[in-house]
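**Student:** Here's the letter readout for the chains.
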Amino acid sequence: MARREGRGGRRRLALYMSSITLGVAAVVAINSFRKNVTAAISGQAREVLGADLELSSRRAFDSIIQGVLDSTARSGVPVSRVTSFASMALATRSGGTRLVEVRAIEGGYPYYGAIETEPAEAWADLASGRNALVDPAVLIQLNAAVGDTLAVGDARFVIRGAVLKYPGDIAIRTAIGPRVYIPDAYLGDTQLLRTGSLARYFAYLKIEPPAEVQRFLNRHNQTFRQHNVGYDTVAERESELTNSLDILARFLGLVGLVALLLGGVGVASAVNVFAREKLEIAAILRCLGATQGTVFSIYLLQAGAMGLLGAAAGVVIGVLAQWQLPRLLADLLPIAVPVGVDYSSIVVGLGIGVWVAVVFALLPLLSIRDVSPLAAIRRDFDPAAPVPWSQRITAYVAIAGSILALSLWQAPRMTGIPFAGGVAATTLLLWISASLLTRGLRRFFPRRARYEVRQGVANLFRPHNQTTAVTLAVGFGIFLIATLYVVQRNLLDQLELDAQPDRPNLVLFDIQRDQIDGARAVLRERGIQRLQETPIVTARIAAINGQTVQQLLTAPDGYRRARWALRREYRNTYRDTLVATEELVAGAWWDTQSAAAAAEAAGRPAGTSAAPAAISVEQDLAQELAISIGDRITWDVQGIQIETQIASLRRVTWARFEPNFFVVFAPGVLNAAPHSFVVLTRVSDRTVRAEVQRDLVLRYPNIAAVDLTLLQETLDSVLGSVSLSIRFMALFSIVSGLLVLIGAIATTRFQRMRESVLLKTLGASQRQIIGITLTEYSALGALAGLTGVLLAGVAGWALMRFFFEVPFRLPSIPLGALAVGAALITMVVGLANSWSVFGRTPLAVLREMGE
Amino acid sequence: MMIVAQGLEQTFSSAGRPLTVLRDIDLGVEPQGFVAIVGPSGSGKTTLLGLLAGLDRPSAGSVTLDGRNLNHLTEDQRARFRAENVGFVFQAFQLIPTLTALENVLVPIELRGAMRDGGAARAEQRAIRLLERVGLADRIHHYPAQLSGGEQQRVAIARAFAGDPKILFADEPTGNLDADTGRAVIDLLVELNREARATLVLVTHDPELARRARRVIRLSGGRIVSDTPTSPVS
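If you're matching them up, the sequences are chains A and B in order.
Using the numbering used here, read the first sequence as starting at 43 and increasing by one per residue.
Using the numbering used here, read the second sequence as starting at 43 and increasing by one per residue.
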């Protein structure tokens, strides 16, 4: 019966079908992609690690670890070493310099997966002499060529080729820190690895069979822990990778989910019209003896069947679209992701499509359920009986529950609930603004306006108006685009160095004490001002309140403190003032002068004290370490123990390219400790900036210069790459929104055409009819666009304030343009909808409608 | 003459073939005349009415209303002419469903721009008077869906006279109504028409209704087969 009854009105239902299609397509595409990524990772995990086990340390392996590695190697297990650190590289011919990541290689690493080089055999020849292989980016940025000499520290290497593919690397990584590979044998020649330099030491082991890896770890775990050696197995690397890519895929999935929910709005508005048209038939069926349940199930079945058709079309599009995803995300993927058809995603997509179609059709179909049989015999009887509250609430709960369930299923971990909340809040606010508009217009009706304007405005609140459906569809689409834009714009604003003349654009790291005067001289020669000069002292935590780190880690309440925070190497500074990126949140900043006076009075030289030195700790770190004001921290400053006490807590804005610190010491106690300097400068001229870097590198090879403008360009491209993939997924939502808009407007096409023809018959000119249409749709579009943009402003502000923690600026002009664009699109769709009426005789249109 | 049709012919293409539904129509209607056009279904009655009212363009021939040749007017000029000179009553009422009864009656006045320059209050007064005249004083803020068929047709009649038309076209005005209601609606139509001194052209296949006109034009197969004056009943 449902099938037979469905013969009529199929074309209109096709629209309803299509609104669900793109949402299903997005869900299918992203979930197939997720499955493919997971499968690819588990197939290539060993290639990603390049070995069966990776050991790593921030200090050179000490004699005990060396002993373990040597004895392992003697037992026949292949062992390779890689030392990795940042350094300036200088191409002597071109004079180009750049901060690079140097990797000194020893042994047969990688054991799995191939390194692709140009020329092909370059990797095998690396160890044969003073050779270097570089990322292609190095060649470009240093303006160097194969065969050129590359200076790294005090050593010179000949560039033998470029590394095209390195196992486990993501393409975007080389943009951030392009790599230079050198043989380990010549690492010492660089003279770069002094005490206090930041380097990572890796050992790679090929242990077979895989079960042996665990046995090896069991045997040496204790030693590794004691000597701060971390390890990574294939399984661990696999799950890390799977997790991080899963999060990426799920975030993209959320953007796709919005398309599905928009499709739901489309379903609801289409079924609403559908139900109204079917009321009379439903009444006849009721007259003939059909029960409420029968009538309801006839139409619910039809909705489900149409949902299935729409979902099937979506599956096809989704399967095709997923071919595009690995290409868009290529720069972020460490492995090649093969594209395959994942059947479980298809089944899930179909199921979700039908489910969303049915759930969103519930509410409008309830009015059919309660239709009075009387409506069949009394033409003047208003057949739309009000739906009882209990049923209405059931339908709302079903919709809300479905949104929450879908969000939790698709969202990464705990973001599901905020996401569902965000969707609900946005929908609610859009709905409220739509109903405020209709009420407001009714109350403040522009009675003195021209007839076209009055008629157009009145169409917004008259019975069967489309205000809510269009506001939701257009508003949601605009909200999505605008939020993405606001976030991206604000993140990029943080990096806009040229717009802020007081911000540094060149940062010099690792200037040693004996080099600082020379470095100052180099800058002075070129007339460059130092904006900031910050001393840095590396240190580790030795004890907190008298308990050693080892004791703290093993203490019963050890879980309260974050391991990373206890074990890490801190780069601390000392100064007597707060800087612009800091704000005191608790305690008091030290008063240097009174402290000096007190010391003098006590007969001690200023800056020395029997009392522990005052320090200020960043508030989040304090929380991680479960410490607060008054607690004591003993620091191990390169072998010397220094006693400190927390005097204050600070909030730090990390997002700026300026040296910020977890821990700041009061001046005095660290003055004598071995330290290096970070110098911030601003050099506007690009050429001068390059020359200064070259001069410094030639004189002090260990100094690392970071050209922030270069970093900015890099981040620009990283963000660009990420936002491209987000935009690709958002495209589904936007097109969905457009379809829902077209659908919502088209559902009233018949009625609109009749009205327009009637007005023409009664003497309305074409201009008047166009005027009415323009007024109605431009007002609708402007409302939806404006609301969407405003909500995006609020969402962007919240994301910036609470998630990214950077200052917020509203890009009002682009957002305004977006709102205008929304109004224009709505207007165009609205006009297109009534196009057939314009310029035709009333009877011709009526004849066409009759056919 | 208020209405002059000369050599009217209308041809549609149906299933790829030309189909002539009206041919050789010549007729004239005096000012304040009351003409009924009758004939069996498919005889071309409604097509003729559409051409006379300028709702469609003839394949051949011309229509002149109140001295204006419709062939010489653009689509918009004809709309303007209708707004100022013509009223309509349809078989299916054709009220705008999203407008209240009062708003529907106001439409022709609005289209003429008569609501501007302080005309709004006067126009609304007139519309309310018309609705009272057709017996719907207590229904002026109802939407069409909330009115019975007879009530809807009475709103349509009020609307037809709202623009103070010179010519009134009525297409089967009682076709969707029961006999009693239909009779009441016709009484109202004729009475209002007399008061307004308008020319009334009525399409119907109801012989009793046709007898009330002063002249009956009979169509068959797209041609005028007879054109006879009657002695009106009322």
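Hint data in this document are derived by calculation from the structure and do not stem from the laboratory.
Don't take every hint at face value.
As the list claims (entries may be wrong) - Label-pair restraints from in silico Cβ distances:
(1) 863/A - 58/B: 37 to 47 angstroms
(2) 859/A - 49/B: 50 to 60 angstroms
(3) 139/B - 816/A: 57 to 67 angstroms
(4) 859/A - 139/B: 31 to 41 angstroms
(5) 534/A - 139/B: 48 to 58 angstroms
(6) 177/B - 335/A: 42 to 52 angstroms
(7) 816/A - 187/B: 22 to 32 angstroms
(8) 859/A - 84/B: 34 to 44 angstroms
Said to hold, decoys possible - Chain A side only, calculated, beta carbon under 8 angstroms to chain B, not exhaustive:
(9) 275
(10) 277
(11) 493
(12) 501
(13) 504
(14) 803
(15) 805
For each residue, glycine too, the CB sits at the ideal point set by N, CA and C.
**Student:** Lying within 48 to 58 angstroms: is that true of the beta-carbon distance residue 534/A to residue 139/B?
**Tutor:** At roughly 51 angstroms between Cβ atoms, residue 139/B and residue 534/A fall inside 48 to 58 angstroms, so the hint holds.
**Student:** 31 to 41 angstroms was suggested as the range; check whether the CB atoms of residue 859/A and residue 139/B agree with it.
**Tutor:** Hint holds: Cβ distance 37 angstroms, inside 31 to 41 angstroms.
**Student:** May I ask you to test the hint 37 to 47 angstroms on the CB atoms belonging to residue 863/A and residue 58/B?
**Tutor:** At roughly 44 angstroms between Cβ atoms, residue 58/B and residue 863/A fall inside 37 to 47 angstroms, so the hint holds.
**Student:** Measuring from beta carbon to beta carbon, are residue 139/B and residue 816/A in 57 to 67 angstroms?
**Tutor:** Violated - the Cβ-Cβ distance for residue 139/B and residue 816/A, about 22 angstroms, lies outside 57 to 67 angstroms.
**Student:** Please verify that hint: residue 504/A, Cβ, nearest Cβ of chain B, below 8 angstroms or not.
**Tutor:** Check passed: Cβ of residue 504/A comes within 4 angstroms of chain B, closer than 8 angstroms.
**Student:** Using the nearest Cβ pair, does residue 805/A come within less than 8 angstroms of chain B?
**Tutor:** Status holds, d = 2 angstroms.
**Student:** Is it true that residue 859/A and residue 49/B lie within 50 to 60 angstroms of each other by Cβ?
**Tutor:** holds (58 angstroms)
**Student:** Can we keep the residue 493/A interface hint, with Cβ of chain B closer than 8 angstroms?
**Tutor:** Since chain B brings a Cβ to about 5 angstroms from residue 493/A, closer than 8 angstroms, the hint holds.
**Student:** Cβ-Cβ distance between residue 859/A and residue 84/B: within 34 to 44 angstroms?
**Tutor:** Taking Cβ atoms as reference, residue 859/A and residue 84/B lie about 57 angstroms apart, which means the hint is violated.
**Student:** Taking 42 to 52 angstroms as the stated bounds, is the beta-carbon spacing between residue 177/B and residue 335/A within them?
**Tutor:** Cβ of residue 177/B to Cβ of residue 335/A: about 43 angstroms, so the range 42 to 52 angstroms holds.
**Student:** Tell me if residue 501/A is really an interface residue toward chain B, meaning its C-beta lies closer than 8 angstroms to one of theirs.
**Tutor:** holds (7 angstroms)
**Student:** Against chain B, is residue 277/A within 8 angstroms by beta-carbon distance?
**Tutor:** Residue 277/A check fails; min Cβ-Cβ to chain B is 66 angstroms, beyond 8 angstroms.
Taken one by one, the earlier hints fail for this structure at numbers 3, 8, 9, 10, listed in ascending order.
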